[in-house]
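J.: Chain residues, written in single-letter form:
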Amino acid sequence: MPALGMAQDSGVIAAWRVEAGDRVAPGDVVMEVETDKSVQEIEAREDGYIARLLFEAGAEVPVGEVVAEVVATAEEAAAAAAGAGEGTAGAAPGGEDASSDSGSEPIPAPAAEAAPATEPREILPPEPASPPAAPPSTPPASFPGRVLASPKAKAIAAAHGLDLAGIRAAVGREPLHARDVEAALAEHSTAPAPATGPTRLSLRAVTEAGGWQELCARLGGLSARRAALASLVGGAWRREGPDTTGALRVEVVGLHGEPRLFADPDRSRLGAAEPIAEGTPDLRVIDATGSSLREVEGPPEGGADLWLLPAEGEVLSLVLQARSGILNTAGAAAILDGVARRLRNPLYQLL
Amino acid sequence: MRTITFSQAVNEAIAEELRRDPTVFLWGEDVAEAGTPFKVLSGLVEEFGPERIIDTPISEPGFVGMAVGAALTGTRPIVDLMFGDFLFLVMDQLCNQAAKQSYMSGGKLKVPMVLRTNLGATRRSAAQHSQSLQALVAHIPGLKVALPSSPREAKGLLKSAVRDDNPVVIFEDKLMYQAKGPVPEPEEEELIPFGQANRLQEGEDLSLVATSSMVQVAEEAAEGLRAEGYSADVIDVRTLVPLDEDTILASVRKTGRVIVLDEGHQSYGATAEIASRIADKAFYHLDAPVTRFGAWDVPVPFSPALEDQTVPDVARTVERALQLIRGEVARA
Numbered sequence: 008m009p010a011l012g013m014a015q016d017s018g019v020i021a022a023w024r025v026e027a028g029d030r031v032a033p034g035d036v037v038m039e040v041e042t043d044k045s046v047q048e049i050e051a052r053e054d055g056y057i058a059r060l061l062f063e064a065g066a067e068v069p070v071g072e073v074v075a076e077v078v079a080t081a082e083e084a085a086a087a088a089a090g091a092g093e094g095t096a097g098a099a100p101g102g103e104d105a106s107s108d109s110g111s112e113p114i115p116a117p118a119a120e121a122a123p124a125t126e127p128r129e130i131l132p133p134e135p136a137s138p139p140a141a142p143p144s145t146p147p148a149s150f151p152g153r154v155l156a157s158p159k160a161k162a163i164a165a166a167h168g169l170d171l172a173g174i175r176a177a178v179g180r181e182p183l184h185a186r187d188v189e190a191a192l193a194e195h196s197t198a199p200a201p202a203t204g205p206t207r208l209s210l211r212a213v214t215e216a217g218g219w220q221e222l223c224a225r226l227g228g229l230s231a232r233r234a235a236l237a238s239l240v241g242g243a244w245r246r247e248g249p250d251t252t253g254a255l256r257v258e259v260v261g262l263h264g265e266p267r268l269f270a271d272p273d274r275s276r277l278g279a280a281e282p283i284a285e286g287t288p289d290l291r292v293i294d295a296t297g298s299s300l301r302e303v304e305g306p307p308e309g310g311a312d313l314w315l316l317p318a319e320g321e322v323l324s325l326v327l328q329a330r331s332g333i334l335n336t337a338g339a340a341a342i343l344d345g346v347a348r349r350l351r352n353p354l355y356q357l358l
Numbered sequence: 029m030r031t032i033t034f035s036q037a038v039n040e041a042i043a044e045e046l047r048r049d050p051t052v053f054l055w056g057e058d059v060a061e062a063g064t065p066f067k068v069l070s071g072l073v074e075e076f077g078p079e080r081i082i083d084t085p086i087s088e089p090g091f092v093g094m095a096v097g098a099a100l101t102g103t104r105p106i107v108d109l110m111f112g113d114f115l116f117l118v119m120d121q122l123c124n125q126a127a128k129q130s131y132m133s134g135g136k137l138k139v140p141m142v143l144r145t146n147l148g149a150t151r152r153s154a155a156q157h158s159q160s161l162q163a164l165v166a167h168i169p170g171l172k173v174a175l176p177s178s179p180r181e182a183k184g185l186l187k188s189a190v191r192d193d194n195p196v197v198i199f200e201d202k203l204m205y206q207a208k209g210p211v212p213e214p215e216e217e218e219l220i221p222f223g224q225a226n227r228l229q230e231g232e233d234l235s236l237v238a239t240s241s242m243v244q245v246a247e248e249a250a251e252g253l254r255a256e257g258y259s260a261d262v263i264d265v266r267t268l269v270p271l272d273e274d275t276i277l278a279s280v281r282k283t284g285r286v287i288v289l290d291e292g293h294q295s296y297g298a299t300a301e302i303a304s305r306i307a308d309k310a311f312y313h314l315d316a317p318v319t320r321f322g323a324w325d326v327p328v329p330f331s332p333a334l335e336d337q338t339v340p341d342v343a344r345t346v347e348r349a350l351q352l353i354r355g356e357v358a359r360a
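Protein chains in written order, with the numbering used here: chain A, 8 to 358; chain B, 29 to 360.
Note that these hints are calculated values from the structure, not bench results. Any given hint could turn out to be false.
Estimated spans, in silico, between C-beta atoms of each pair [unchecked claim]:
1. B/K309 - A/G305: 51 to 59 Å
2. B/E356 - A/A176: 16 to 24 Å
3. B/A278 - A/A176: 33 to 41 Å
4. A/A64 - B/R281: 53 to 61 Å
5. A/E82 - B/R281: 43 to 51 Å
6. B/E356 - A/A64: 40 to 48 Å
7. A/A22 - B/A333: 52 to 60 Å
8. A/S196 - B/W324: 53 to 61 Å
9. B/R152 - A/S196: 23 to 31 Å
10. A/S196 - B/G257: 20 to 28 Å
11. B/P270 - A/V303: 38 to 46 Å
12. B/R281 - A/P249: 53 to 61 Å
13. A/R24 - B/Q337: 51 to 59 Å
14. A/P249 - B/G257: 47 to 55 Å
In the DSS-like style, the derived pairs of lysine-lysine whose C-alpha atoms are separated by at most 30 Å in a straight line are [stated by the list, open to error]:
15. B/K187 - B/K136
16. B/K309 - A/K161
17. B/K208 - B/K187
18. B/K282 - B/K309
19. A/K161 - B/K282
20. B/K138 - B/K187
To give an idea of the interface, some chain B residues facing chain A are shown, with a C-beta separation under 7 Å as derived from the structure [claimed, not checked]:
21. M29
22. G284
23. D308
24. F311
25. Y312
26. H313
27. G355
Here a beta-carbon is modelled for each residue, glycine too, at the ideal position from N, C-alpha and C.
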């Protein structure tokens, strides 16, 4: 039951416009609510199916009470309707309040975010408007598309590449202050390097690649070519790069076809490495040699991406991008140079 | 350092300047035999005679205008304006004449006069004898405004005012005349320079920036905050013109939260100007809305119960400070 007025503590359901099993979409009128001043149409806020109406038309319902449940699928709605005779309405596991209020957007309860999608989710109705006697503290004011934060909190978040919306979701209120962002920052700094970290390195090399193209002609098929590329790049990574120990997974991605992931491809004969089913690659190789691409920009999709791009004739352009913490500049440079040498002459792999 | 009253400190400052410089003199209503209604000037006429401590008729525009003329001819008049509320009577002499002479003469003329007057409510003096009009004066370019907050400040700022070549209006808190405080010995002359705010307490959580009568409120509020586990910077602004922005901004950049206190009416007042400069120049350091605390926008009531409500006090300052520190203030 939404609060439609400052001093309203309950509303009468004048009429239902939907019944159990109906599909609703945002904007659909689901009920009419009568207050001491007027009758207002209340709209659904999310897609779904009406599972149950928890009050009869004519009932007077306190503000904040759940009046109906909305579930994701027609089957769940049917199941809920079938079980409706057994449980009591108040003990139901929630369900979305189909009502909407005319003012601010509600903040979903954090617990609802984590609930499995197959269960009805409970989204708390908007807070009733504060009574005049409330202390001058913070109501959960929310502006769509904007996180309320102090200038200092924003400055700290910007300096560290932190997402204010994520911090608000974790804190569960706004405005955010410096201490909220600092707490998130402290938590963040103990976690591994962020996938969205703002800093990265990007190196570009150009090499003549006649040896590689000759090898490809001998190997024939696309699968062998990918395996050979994984071997050469893996060899450069392990022998030229800073980390020479441990397992190495290289994923080779073409512009067409499925990516192939290889474990320790440098230990197989050129072109003979077998792809494995799953795992997280240490390095992704994007083979765009036959394409029209000439430049790549933007952050790597994985921890480290190596692009093979056509330049002129038998010359290839290599771009290695890595997120901070994955490779240092010297290590990346050594690997990239190793790859270039192997593409120029695959026999380097044997040394 | 000895302890004397605010009144004695003002008296000493004037006496010392009269002894030091024969061009200094003082006039105003009831200044000689009566020594002013607050007895601030008692004994001066005995030492310096009626030629230098001069009683005037009850005509504020007359004796302030005469002082402007006297200053233009090379003397250094100190004018006693019995109540700050009487400033409205001397606006032309002060704002159109004193403030403009140097500018309009291309710097050839100067008006080295001091206008001593007062501010402050809660003396049960009603609406026409309780106003704090410093913002009104500070608005006019060419006038300096000093706001002493203790006996020591009163003496040091007044001596600097007498020696300044520009017209200076100095507001004394009429409730503070009998307050005692440490003041350096007469032989240790202390001139407090204009445009240098004074940090009285150092803290981390909040800045309390205050003028005149509100400095004491800020100091006691800082004590109250300490009891809650928080610490505050307390800054005495000392002079509204010139304003020491650097000290204020440095403090707010450190704490991220500020309450600006002044006993003038809050709307369009001294707090508004200081708060605006903070919002403008320390915006990215702010962790809470810049908060002002001035007097209500009402004529000061005669009723004691009502009058006490209209001016900032310690309890409400502490309450607002705690809301800021705890992030309970949102104005979105």
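J.: Against this structure, judge whether each hint is valid.
T.: Checked hints:
no.	hint	in the structure
1	B/K309 - A/G305: 51 to 59 Å	37 Å, violated
2	B/E356 - A/A176: 16 to 24 Å	21 Å, holds
3	B/A278 - A/A176: 33 to 41 Å	35 Å, holds
4	A/A64 - B/R281: 53 to 61 Å	60 Å, holds
5	A/E82 - B/R281: 43 to 51 Å	59 Å, violated
6	B/E356 - A/A64: 40 to 48 Å	41 Å, holds
7	A/A22 - B/A333: 52 to 60 Å	54 Å, holds
8	A/S196 - B/W324: 53 to 61 Å	48 Å, violated
9	B/R152 - A/S196: 23 to 31 Å	59 Å, violated
10	A/S196 - B/G257: 20 to 28 Å	26 Å, holds
11	B/P270 - A/V303: 38 to 46 Å	57 Å, violated
12	B/R281 - A/P249: 53 to 61 Å	42 Å, violated
13	A/R24 - B/Q337: 51 to 59 Å	52 Å, holds
14	A/P249 - B/G257: 47 to 55 Å	49 Å, holds
15	B/K187 - B/K136	24 Å, holds
16	B/K309 - A/K161	16 Å, holds
17	B/K208 - B/K187	19 Å, holds
18	B/K282 - B/K309	13 Å, holds
19	A/K161 - B/K282	16 Å, holds
20	B/K138 - B/K187	18 Å, holds
21	M29	40 Å, violated
22	G284	5 Å, holds
23	D308	12 Å, violated
24	F311	5 Å, holds
25	Y312	5 Å, holds
26	H313	6 Å, holds
27	G355	5 Å, holds
Violated hints, listed in ascending order, are 1, 5, 8, 9, 11, 12, 21 and 23; each of the other numbered hints is respected by the structure.
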